[in-house]
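Peer 1: As you go down the protein sequences, you meet chains D and V in turn. Residue numbers for the first sequence follow the working numbering, beginning at 101 and rising by one. Residue numbers for the second sequence follow the working numbering, beginning at 87 and rising by one.
There's no promise every hint is true.
[As the list claims (entries may be wrong)] Restricting the straight-line Cα-Cα distance to at most 27 Å, the calculated cross-link-like pairs of lysine-lysine (DSS-like) are:
no. : chain 1 : residue 1 : chain 2 : residue 2
1   : V       : Lys130    : V       : Lys164
2   : D       : Lys152    : D       : Lys103
3   : D       : Lys103    : V       : Lys130
4   : V       : Lys130    : V       : Lys140
5   : V       : Lys101    : V       : Lys127
6   : D       : Lys169    : D       : Lys152
7   : D       : Lys103    : V       : Lys140
8   : D       : Lys103    : V       : Lys101
9   : V       : Lys137    : V       : Lys164
10  : V       : Lys127    : V       : Lys140
11  : V       : Lys127    : V       : Lys164
12  : V       : Lys130    : D       : Lys169
To be clear, the hints were calculated from the coordinates, so they are not data collected in a lab. The structure presented is a predicted model; accordingly, all values stated were derived computationally and were not measured.
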Amino acid sequence: DAKTTQPPSMDCAEGRAANLPCNHSTISGNEYVYWYRQIHSQGPQYIIHGLKNNETNEMASLIITEDRKSSTLILPHATLRDTAVYYCIVRVPMNYGGATNKLIFGTGTLLAVQP
Amino acid sequence: EAGVTQFPSHSVIEKGQTVTLRCDPISGHDNLYWYRRVMGKEIKFLLHFVKESKQDESGMPNNRFLAERTGGTYSTLKVQPAELEDSGVYFCASSQDWDRTDTQYFGPGTRLTVL
Numbered sequence: 101d102a103k104t105t106q107p108p109s110m111d112c113a114e115g116r117a118a119n120l121p122c123n124h125s126t127i128s129g130n131e132y133v134y135w136y137r138q139i140h141s142q143g144p145q146y147i148i149h150g151l152k153n154n155e156t157n158e159m160a161s162l163i164i165t166e167d168r169k170s171s172t173l174i175l176p177h178a179t180l181r182d183t184a185v186y187y188c189i190v191r192v193p194m195n196y197g198g199a200t201n202k203l204i205f206g207t208g209t210l211l212a213v214q215p
Numbered sequence: 087e088a089g090v091t092q093f094p095s096h097s098v099i100e101k102g103q104t105v106t107l108r109c110d111p112i113s114g115h116d117n118l119y120w121y122r123r124v125m126g127k128e129i130k131f132l133l134h135f136v137k138e139s140k141q142d143e144s145g146m147p148n149n150r151f152l153a154e155r156t157g158g159t160y161s162t163l164k165v166q167p168a169e170l171e172d173s174g175v176y177f178c179a180s181s182q183d184w185d186r187t188d189t190q191y192f193g194p195g196t197r198l199t200v201l
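Can you build the whole structure from these sequences, using the hints too?
Peer 2: Spelled out as structure tokens, the structure:
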């Protein structure tokens, strides 16, 4: 079972920031937070990941609370092409002592960007 | 750099027939993963190769599924004999062994329909 909780759906106006929350209240100290998205009929796409510090790349920013029990993915200027299901996943990679590298996908958040 | 490729993109077969799906990972990626999404369900992990060795096959549903990765390059997933419940989208992903946080990059998937 997924170890994260996400709202099933969200709307965002085109050009505005999309803030997608994720709750991972049982996260352990060495678990990373990963975000992937799946645009309709395509394979999942990696977005960003982090451990405890906030992270930013060309796609998005990841804000992790100090207690690490929740995080927010921020798409700074959402476009219609950002409409997708967004998945928040926590796990310990095998290189950091995890038993497996598998990603456990939950139901995610369907983000609908409106024109 | 080419991404993960999968072949075929679609396959329609009769129950009881055999189907072989192929995945070509990103060049140089030692880790290769298979996932699938069956109708109405979440994306589920099937197995993980490190080079030609099966690291984790805990998600393989039954012995009708056989995955191989001879030579540690491309992988095949054979379903024999196919059943109706095998219908779904099969995704392949790959990652670099030196990437300690194991960012997985997914292919576009193969949509399998068993009639």
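Peer 1: Which earlier hints turn out false for this structure, listed by number in ascending order?
Peer 2: 8
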